[in-house]
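I would like the entire structure built from these sequences, with the hints used as guidance.
Number of protein chains: 2
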Amino acid sequence: MKTNALFKRSYNQALDMLAGAQVGAPLPSEPAMAAALGISRTTVRAVLAALATHKIITIDGRFKQQSRLPKRSDYLADADLEPLADMVERKFMAWLVGPDCSPGHTINGLDLARQFGVSTSAIRDCLNKFSHFGLLERQSNGRWRTLGLTVDFVAELFDMRELIEFRAVARFVALPKDDPLWSDLSILEEEHHAFLADFDRRNREFSDLDHRFHKLVDSAVPNRFLGNIQGVMSVIFHYHYQWNKKDEVDRNHRALNEHLAYIDGLKSGNPHKARDACQAHLHTARSTMLASINPG
Amino acid sequence: MKTNALFKRSYNQALDMLAGAQVGAPLPSEPAMAAALGISRTTVRAVLAALATHKIITIDGRFKQQSRLPKRSDYLADADLEPLADMVERKFMAWLVGPDCSPGHTINGLDLARQFGVSTSAIRDCLNKFSHFGLLERQSNGRWRTLGLTVDFVAELFDMRELIEFRAVARFVALPKDDPLWSDLSILEEEHHAFLADFDRRNREFSDLDHRFHKLVDSAVPNRFLGNIQGVMSVIFHYHYQWNKKDEVDRNHRALNEHLAYIDGLKSGNPHKARDACQAHLHTARSTMLASINPG
DNA sequence: AATTTGTTTTTTATATAAAAAGAGCAGCCA
DNA sequence: TGGCTGCTCTTTTTATATAAAAAACAAATT
Numbered sequence: 001m002k003t004n005a006l007f008k009r010s011y012n013q014a015l016d017m018l019a020g021a022q023v024g025a026p027l028p029s030e031p032a033m034a035a036a037l038g039i040s041r042t043t044v045r046a047v048l049a050a051l052a053t054h055k056i057i058t059i060d061g062r063f064k065q066q067s068r069l070p071k072r073s074d075y076l077a078d079a080d081l082e083p084l085a086d087m088v089e090r091k092f093m094a095w096l097v098g099p100d101c102s103p104g105h106t107i108n109g110l111d112l113a114r115q116f117g118v119s120t121s122a123i124r125d126c127l128n129k130f131s132h133f134g135l136l137e138r139q140s141n142g143r144w145r146t147l148g149l150t151v152d153f154v155a156e157l158f159d160m161r162e163l164i165e166f167r168a169v170a171r172f173v174a175l176p177k178d179d180p181l182w183s184d185l186s187i188l189e190e191e192h193h194a195f196l197a198d199f200d201r202r203n204r205e206f207s208d209l210d211h212r213f214h215k216l217v218d219s220a221v222p223n224r225f226l227g228n229i230q231g232v233m234s235v236i237f238h239y240h241y242q243w244n245k246k247d248e249v250d251r252n253h254r255a256l257n258e259h260l261a262y263i264d265g266l267k268s269g270n271p272h273k274a275r276d277a278c279q280a281h282l283h284t285a286r287s288t289m290l291a292s293i294n295p296g
Numbered sequence: 001m002k003t004n005a006l007f008k009r010s011y012n013q014a015l016d017m018l019a020g021a022q023v024g025a026p027l028p029s030e031p032a033m034a035a036a037l038g039i040s041r042t043t044v045r046a047v048l049a050a051l052a053t054h055k056i057i058t059i060d061g062r063f064k065q066q067s068r069l070p071k072r073s074d075y076l077a078d079a080d081l082e083p084l085a086d087m088v089e090r091k092f093m094a095w096l097v098g099p100d101c102s103p104g105h106t107i108n109g110l111d112l113a114r115q116f117g118v119s120t121s122a123i124r125d126c127l128n129k130f131s132h133f134g135l136l137e138r139q140s141n142g143r144w145r146t147l148g149l150t151v152d153f154v155a156e157l158f159d160m161r162e163l164i165e166f167r168a169v170a171r172f173v174a175l176p177k178d179d180p181l182w183s184d185l186s187i188l189e190e191e192h193h194a195f196l197a198d199f200d201r202r203n204r205e206f207s208d209l210d211h212r213f214h215k216l217v218d219s220a221v222p223n224r225f226l227g228n229i230q231g232v233m234s235v236i237f238h239y240h241y242q243w244n245k246k247d248e249v250d251r252n253h254r255a256l257n258e259h260l261a262y263i264d265g266l267k268s269g270n271p272h273k274a275r276d277a278c279q280a281h282l283h284t285a286r287s288t289m290l291a292s293i294n295p296g
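Chains as they are written, first to last, in our numbering: chain A, 1 to 296; chain B, 1 to 296.
Among the clues, some could well be false.
No copy is singled out in the list; a pair is fine if it fits within one copy or between any two copies.
Said to hold, decoys possible - Derived lysine to aspartate or glutamate pairs resembling DMTMM-like cross-links, with alpha carbons at most 25 Å apart: (1) K215 - E137; (2) K2 - E137; (3) K2 - D125; (4) K2 - D111; (5) K246 - E137; (6) K129 - D16; (7) K245 - D178.
For the record, the hints were derived by calculation from the structure and aren't laboratory data.
Okay, here's the thing in C-alpha cells:
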C-alpha cells in the first residue's frame with residue numbers, strides 16, 4: 001500500500017503549530033490549513049481526526065479548538081518528501097551516466113528498486129519513460145537493456161535536431177514582422193545581454209535560457225512530435241552536464257555569443273545567414289557533447 | 001496476478017507442432033523445444049506436463065513420445081491469449097476513435113479500467129504510452145485529456161513524416177549499388193507485383209506491406225527517434241482504417257501503384273525523380289487520411 | 001455570494017501473488 | 001566428454017488489490 005509519510009509529516013507540522021498557540025484557541029478552517037501546510041483538504045481532515053482521537057483538539061460541529069498542548073511523545077516518526085517520479089528519474093539518470101552502468105548492460109529492476117528505496121512499479125514507469133527517449137531497449141524476454149549515452153546516440157539525436165531546427169529557421173525568417181514571436185525573440189535577446197553582463201554569477205542558469213531559446217525557435221513550426229526530442233535534449237543537458245562541470249564557463253560563454261549571432265541571423269530576414277548561424281551553433285553543441293562523453 | 005498468456009500460447013503452438021508429426025514420434029529435447037518456441041525451459045516443462053496430463057504425449061523417464069493426434073478441443077481458448085498490453089491498446093484505440101470519445105474530453109481511468117476489464121495500472125501504462133504519441137496530454141491536476149485524431153494531429157504527423165522520408169530518399173538514391181538495401185528493395189518490388197496480380201484476395205494485407213516498404217526506405221538513415229513516428233503511423237493505420245473501410249479497395253490500389261512509381265524513382269538514381277514520387281505518394285496518403293477523418 | 005464542511009470519485013504508489021526465467025547439480029547416456 | 005534430464009530453488013517480471021492522497025462534487029452555514 002501507499003506510504004502515509006505525507007500524513008505523518010503533516011501531523012507533526014500541525015503539532016508544531018499548536019505548540020505555538022494557546023489552549024482554547026480556535027483552529028483555522030480546513031481549506032486555510034490545507035493551504036498553510038501545502039496539502040489537500042483530505043489529508044487535513046485525516047490529521048484533524050487523528051488530533052481529536054488523541055484529545056489534543058476537540059471538534060464540535062464546525063467549531064474546532066485546542067484542548068491541550070502537544071507533548072513530545074505525540075510526535076510521529078518523520079519521513080522526507082519529494083515527488084517520487086522526479087526522485088526516481090534523478091537517481092536513475094545518475095546511475096545511467098555513472099560507473100555502475102555500461103552500455104549493453106541488462107537492467108535489474110528489482111535491484112534498482114532496492115538501491116533507490118522505491119517499489120518496482122516506480123522503476124517500471126521510469127524505464128518506460130526512458131525507453132521512449134531511446135536510452136533503453138526492451139528485450140524479447142521482457143528485460144531491459146541499456147543503450148547508454150553513446151556516440152551513436154548523440155549523433156542521431158543531433159541529426160534529428162538539425163533537421164527540425166533548420167526547418168523552423170526557414171519558417172521563422174519568413175514570419176510577418178508583426179508576429180508575436182518577433183517580440184518574444186527580442187525579449188530573449190535582451191535576456192542574453194543581461195546574462196552576459198552578469199555572467200560570473202548567473203552562469204549556472206544557462207541551461208534554462210538555452211532551453212527557452214531553442215523552444216522559441218522551434219515554435220515557428222508547431223509540432224507535438226518535437227516534444228520527445230526536446231524532452232530528451234533537456235534531460236540529457238540537465239543530468240549529463242551535472243557530471244561534466246569542466247570547461248563549463250567557456251562552454252556557456254561561447255554558446256551565449258553563438259545565440260546572439262543566431263538571433264541576428266533570424267532578424268536579418270536572410271534565410272541563408274540564419275541557417276548558417278544555426279548550423280554553426282548546433283555544430284558546436286554537438287562537438288561539446290561528444291567531447292564530454294568521450295574525453296579520450 | 002500475472003496472466004499465463006505465454007503458457008497458453010506456447011501450449012497451442014506445441015499442439016500445432018504435434019499435429020504435423022506422427023503418433024509415436026519422439027519429441028525433441030527440452031532445450032531444443034525452448035529454443036524452437038522462443039521460451040524458457042521452465043515454461044516448456046509446464047507445457048509438457050500439461051500435454052501429459054491430457055494424454056497427448058507420454059513421458060516415460062527421459063523418453064517422450066506422442067500418444068495421439070491433438071484434437072480441435074484440446075486447444076486452449078484464445079480469449080486471454082493476447083498479451084494484456086496489446087489488448088488494452090487495441091480497446092483503447094477503438095474507444096479513442098469511437099463515438100464515446102470527443103477531442104478535449106477528460107479521461108476517466110477508473111471507468112476505462114472497468115469497461116476493459118483490467119486494472120487501473122494497465123490503463124495507466126497505456127495512457128503513458130499514448131501520451132508519447134501525442135494523442136493525449138497530461139493536465140496539471142494529473143488527469144488525462146484526449147487530443148484525438150484531429151486534422152491538426154494528422155497535419156503535424158505528416159509534416160514530420162515528410163521531413164524524415166525526404167531525407168531518407170536523398171540518402172537512399174546515393175547508396176552504392178552493392179548495398180543490401182537495393183536487393184531488399186527489389187524483393188519488395190516483386191511482392192508489390194505479386195500483390196497486384198492477386199489483389200482481390202490479398203487487399204486486406206496491404207497495411208503490412210505499406211509499413212514494411214516505408215520502414216525499408218527510412219532505414220537508409222538509421223535513427224532511433226524515428227521509432228516514435230513510425231510507431232504512431234503504424235498504430236493509426238492499423239486502428240483507424242479498421243473503422244473506415246469505405247473506398248478501401250481504391251485506396252490500396254492507388255497506393256500500390258504509387259509505391260511502384262516511388263520504387264522506380266529510387267532505382268533511377270535521380271534524386272529529383274525519387275523525391276517527386278515520394279512527395280506524390282505522401283500527399284495522397286495525407287489527403288486520404290484527412291478525408292477519412294473529416295468526411296464532411 | 002462566498003466559504004466551510006461532508007461525501008464521493010479519481011489518481012497514485014506500494015505490497016503482493018503468480019508466471020516466467022534462470023541457475024545449479026547429480027545422474028544418465030551416446 | 002558433452003549434452004540431456006529431472007529435479008529444486010532463487011530471481012525477476014508482471015498484474016492486480018488496496019491504502020493514501022488529491023480532487024471534485026454537493027450540501028450547509030455564515
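Problem - Violations among the numbered hints - result: Of the numbered hints, 5, 6 and 7 do not hold.
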